[in-house]
Amino acid sequence: MPKTALARQKASQPIGFRAQSIIIDGRGHLIGRLAAIVAKTILQGHNIVVVRCEGLNISGSFYRNK
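Okay, so the sequence shown: first residue is 0 according to numbering that gives the first Met the number 0, each after it adds one.
Simulated from the structure, these hints should not be mistaken for laboratory data.
Using N, Cα and C, we set each Cβ at its ideal position, and we do this for glycine too.
Hints are not guaranteed to be accurate.
As the list claims (entries may be wrong) - Cβ pair distances, simulated, as ranges:
| # | residue 1 | residue 2 | range |
| --- | --- | --- | --- |
| 1 | 22 | 56 | 18 to 24 Å |
| 2 | 20 | 64 | 32 to 38 Å |
| 3 | 63 | 43 | 29 to 35 Å |
Using the sequences and the hints given, assemble the complete structure.
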């Protein structure tokens, strides 16, 4: 059975990423605001990859209770 053009296109893409993947640099962003943006974008059907998460800023009660 010959492969269709769609099957060949899916096989050539890297594993774990689709054409709609969005990469966000997390360095310097507030953790809660970035989480809200990521949640809204995921609900729209996109894939999100956040890199450099160790540079996220933590503030407010979450930081005080730490």
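Practice task
Go through the numbered hints given earlier and state which of them the structure violates, listing their numbers in rising order.
Solution key: Checked against the structure, no hint fails, so every one of them is satisfied.
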